[in-house]
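Asker: Following the hints, complete the assembly by docking chains W and Z onto the known chain X.
Spelled out, the chains give:
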Amino acid sequence: MSIKRRQVLSGSAAGAVSLATGLASPAIAASEPIRIGFLPALTGASSSTGVAMNRGTILAVDEINAAGGVDGRKLELIVRDTQSDPTKAVNGVAELIHRQKVHVIWGPLNSGEALAATPLIARESMPQVHPCWVDTLIDVKKYPYAFRNAPSNQQIGVAANHYVVDVLKHKKVAVVSDTTGYGTASVEAYVPMLKEKGATVVYQGNVDAANPDLKPELLRMRDGGAEAIMPWSVNAGFLARICNTRGQMGWDVPIVGQTTLGSGQTKALLEKPEYWNKVYSNNFRNCCYGSNGKLPPRAAAFVEHLQKTKVEMGDTLLWWIACGYDAPHMIAETVKAAGSGPKDIVGYWNKLKAWPGIYGDITWTPEQHNGFPDDEVVMCEVNSFRDGAFNLAPGYGS
Amino acid sequence: MLESIVSYGLAVGAVYALIGITYNVMFSASRVFSFTAGMLGMLGGVLGALFITRLGLPVALGLIATVACGAIIGVITEFVAVRPVLKNLEQHLYVLSTLAFALLVQQFTAIEWGTDAQPFPRLFQIEDSLVDQKFWLPVVACVATIVGLEILYRHTLVGRAFLAISEDNYAARALGLPEQRLRIASFALAGVIGTLAGFTGGEVLLAFFGNQSILNFYGFVPVALGGMGSNRGAVVGGFALGLFQQAANFLVGGVFAAVAVFVVFIIILLARPEGLAGAVSARRV
Amino acid sequence: MKARPLAWLEGKRTFILLALAGAALPLMDDSYIGLIATRACIYWILVAGLNLVVGFAGQIAIGWVALLTLGAYTTAVLTAGTVLPVVHPFLALAISGAAGAMFGVVVGLPALRLRTFYFAMTTLGFATIVTQVALAWKGVTGGGIGVPGPVFPAPFDSGWGFYYFCFALAVVSTWMTANIAVSRFGRGLVAIRDAEVAGEASGVSKRSLLTTVFLFSGALAGVAGGLFASLQSYITPDAFTFDLSILFFIAILIGGRGSIVGPLLGTIILTVLPEFAAPLVAWSTFLYAALLLAIVLAMPGGIADLLDVKNRRPLERHREIVPRPEILPRLLGEERENEGLSLSNITLSFGGVRAIAGLDLEIRPGEVHGLIGPNGSGKTTTLNVISGYYAPQSGEVRLGKMALPPGAPQRRASFRIARTFQTPRVIGAESALDNVKTGGMIDGRASFAESLLTLPRHRRDEADLHERAMRALTAVGLEALADVRADRLQHSELRFLEIGRALMLRPACLLLDEPAAGLSAEEIRRLGTLIKAISRAGTAVLLVEHHADLIFDICDRVTVLNLGKVLAAGTPAEIRSHREVVSAYLGA
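Listed in order, the protein sequences are those of chains X, W and Z.
Under my numbering, the first residue of the first sequence carries the number 1, and numbering increases by one thereafter.
Under my numbering, the first residue of the second sequence carries the number 1, and numbering increases by one thereafter.
Under my numbering, the first residue of the third sequence carries the number 1, and numbering increases by one thereafter.
Worth flagging that the hints you see were computed from the coordinates, not collected in a lab.
Note that the structure is a prediction, hence the values are computed from the model and not measured.
Careful, some of the hints might be misleading.
Pair by pair, the computed Cβ-Cβ distance ranges are [what the hints assert, rightly or not]:
{"no.": "1", "chain 1": "W", "residue 1": "F79", "chain 2": "Z", "residue 2": "E196", "range": "26 to 36 Å"}
{"no.": "2", "chain 1": "X", "residue 1": "K308", "chain 2": "Z", "residue 2": "A23", "range": "51 to 61 Å"}
{"no.": "3", "chain 1": "W", "residue 1": "R173", "chain 2": "Z", "residue 2": "V582", "range": "31 to 41 Å"}
In silico DSS-like pairs for lysine-lysine, Cα to Cα no more than 27 Å straight-line [claimed, not checked]:
{"no.": "4", "chain 1": "Z", "residue 1": "K138", "chain 2": "X", "residue 2": "K142"}
{"no.": "5", "chain 1": "W", "residue 1": "K87", "chain 2": "Z", "residue 2": "K206"}
{"no.": "6", "chain 1": "Z", "residue 1": "K138", "chain 2": "X", "residue 2": "K197"}
{"no.": "7", "chain 1": "X", "residue 1": "K195", "chain 2": "Z", "residue 2": "K138"}
C-beta: ideal position from N, C-alpha, C; glycine also.
Looking at chain X on its own, in the form it has when it is part of the complex (with noise of 0.2 Å):
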């Protein structure tokens, strides 16, 4: 196994060599390990996100070592759990960059954590890939070396709401959230694309995930005359409450909305089954069953390299593993093309051109670090659930 919580003899060992000579001498960089540092929350209230991620993670770089590497170099995964705590997150970033010496950063994985992370990683010039979808936590000029290997909130926005605007043909829209940054962020931003695209926002709030009854904010929106609520909130029981009110309301509205509407713990913690339908989430058409029930090719080989390696996916969703399996594979591509300097990275990932990832294409350009295509942010029928992946919604027949 080459992943280590935390090697800190050999990575500061080597670090000091290279500070010693000045610069890093080449003998020492064609054999010494890439580093990686990656910072998911493996626990704590955000962590279903970094446990799925984690796996594919562990999954790819295990492979790439088995096949020698990069060139010779091993990649040596250094974990930090965030715990859900941006706190832990400015510490681990200040360990991976400066005790442990990695090359390229891998998270953190929620945006509560890298809104206080990206910021101090940018300082230190280290190369950096998250998936979090926070829009200003990509910006070319206040932190060139961040880069996105998922869409941003924007993107998920414009498809979720042209599906519900343009697709379904509703135009009084409820949108609420949970009051985590990435929850009131969603919001903000997403009312007034609503109110571009001439639909009515009838109900906008950001109502505490920790609050046991959510009928009175339902009744708003119903009382507002909504025709489809948008929830935007990774917590699951929040969005399975809000799924369980609309049922006992016996309310007929779609909810459109975040992709954890369709986790298996949104799943659990509904009080009928019936309560799933007319909900959907966001998912990525590379990671959802097509009108032939199938997933696209290199999603198809994927699942069956899972269930080969015995990857868990029944309660988590597969475009996590996915993402979180695409990103070794990609810095390990980058490294191999252009070496593991942060110039070299960022010189590379700048130049990105359609990386072909089982989540997604990756395209990254000097002037946009916003690496993942439009059309691929697609709507799910989160009822059709089955081995992490769902059925596109209706309207997507193609």
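Answerer: Using the frame of chain X, we list chains W and Z on its own:
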């Protein structure tokens, strides 16, 4: 809307009232305010889900197992966090020891059970009649507890001994009452009541480790306002708090409801530190 | 006493070592260590202030993260200039301190009215509310999205520069709180914690002292918040977890109450430990809780107790208390105006029971006045009326011509009325000398701020107090035990210690509540001589006692109470021959 305020408000109110009674039962026997009251409520939900959903026990057995665990944890509390610090009650070390014990249990739950709210099983497989079972269950549990305590205190010898202890510890001991055993029994009883609160309120509050702090605070508000040791105060206060909270939730939204409850709590306490129905403080010199 | 040139260094070794280590830290050239050290400094700035509240005053403030949150948002929002015009980061930090001070009082004030657990709950409530408000008040705080933290101007903008900035502030906070700890304010706080009633009798005003300390501690927390925001680079409400609050609180208790160096080490340990014990990260709060439980149950003194080698040295087994009454005039002053104390027509009943029914009493300066009577005759109650713990329903207590305000025990010290207690009320965790110094609380002239900065007036106060306290200890015969913790003293020594503390007030009137209880015959004799000498130095002494011999030996006048009324009054000789008294309970 009114119906929703009332049904939901009474349900959470009953849970608050039961947690308040849990505080009272422990306090009466030992003069100790214990942070473990909310913990017991939290455990009621988590253990219920563990026994019934995960281990597949029948509902009745699950309930018995849950309250039995509550009783055992109550007794452990007495041994670990209360008895050692009773000698010098005036140093208030119990605040620290019960806080530490409650935190230990909560963190253990968070790690072993998980930090996500998890579903609590539906107890009776019946179609909902007028009011859903998740709303009337806590209320029934609350009424049953009050009636049970009343019978215990007024009509049994053990219960009278409880009362004697809560009136005057020293005098009771002088009378030859087994003060220590009664205290252990009280903590066991508190364990039963606390877990019962969490169990019957499980469908509303879910099996969630975070319920501990919520219940600690909202269970304390009614007893603080009603006067420590007064079960009547706890019940009236609990239901009032539940209804107020839910009404505020409907009318002005969740955050403001929390702020409103807190502000009212502080103001009343500052005006009347002994609670609205409490007695004056004891002699100091 | 022998003068030792380096005496001031004693007990400061740990501080000096830590300061040197802190200053030399950048030599390690490891920015990760730098970050953790910066974090420890910032936490300590908060904990240093909170230590006065929790460790010294014994108030269970478990939700102090509320103030960190407030300080962080204040600094961040002001520097960002999203709401108001842009404020310079240093000014913003100062404003955060001021805001923290104000809010500190708001969070702390319930402590003046509420019992321990209630207060703990209100601070917990505040901690929740502040986060809720930060989430809801999106216009200012950015809600869940948060705001970027402030960046201080170079060279304090990042890395080691910022570390030195925080380190310097941490050193200053340590210095200031250590100054308070050894001042009369620090002793007053500990008195509030461990001997509240005795503190009141010595003139410790809980209200003003706690308010000041909440101001100060809130200010430090506000500043710590501003620095925290800068360190985090970006703040959202979820950075201010309740776990953080628990860390602050437990650091103090692990360190030991009433110590500065203990909580300092506690803070460092709790900040650093999870970083270097990776597999334990998820269990960190669990471990904090376990530590807290272990400390409370097994080692209530915390780290400070472990470091306190001095107080583990064995004491001499057979000690004798040899009072030296001859120095009393120097201690109490030579010429004193004193017209004595008088009670007229005092009545007081509890419920339906008459404890005192129309009592008249006159205690003259220079005399010992004995108050005797059977149990329940109202002796201690009379004492409590005089010292203000009970307000009588009618009647008046006068000192000379001044009527004393009924109730208000903490104002008796300013009338120079001192007392001792039936069960000695001393601060076990403090030295005999510090216990006695507590008695001189009201003679300090320096303000809290002057003590904070050890300005000259503070130093004069302390030098004066020290001299007088040593004199008082010598007078009661305990000078050899000056540095010994009071909880290691014998019962008889505590009785004399209480008298020593009372003498610090230079009392016009001294109330002694059964001072001979539990003393040997020889000790009672010495006590008698001491009490008599105190009275002869111009003090009006009221002696409540059961030892008839002592009463008749030293009293100039005796009043016998029965059922709250005067049964007899007169000289000892008159009382001895009073038929009713003799038949009732002198038993001759």
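Asker: None of the hints should be skipped; say for each whether it holds.
Answerer: Hints and how they fare:
1. Evaluation of the 26 to 36 Å hint for F79/W and E196/Z yields a pass: the beta carbon distance comes to about 30 Å.
2. Separated by about 58 Å at the C-beta atoms, K308/X and A23/Z satisfy the suggested range of 51 to 61 Å.
3. At roughly 38 Å, the beta-carbon separation of R173/W and V582/Z lies within the given 31 to 41 Å, and the hint holds.
4. Of the pairs offered as hints, the one joining K138/Z and K142/X holds, with about 24 Å between alpha carbons and a cut-off of 27 Å not exceeded.
5. Restraint check for K87/W and K206/Z: satisfied, since their Cα atoms lie roughly 26 Å apart, inside the 27 Å limit.
6. Taken as a hint, the K138/Z and K197/X pair is honoured in the structure, with Cα atoms around 25 Å apart against an allowance of 27 Å.
7. Distance hint between K195/X and K138/Z is fulfilled; the C-alpha atoms sit about 21 Å from each other, no more than 27 Å.
Consistency with the previously given hints is maintained throughout, with no hint failing.
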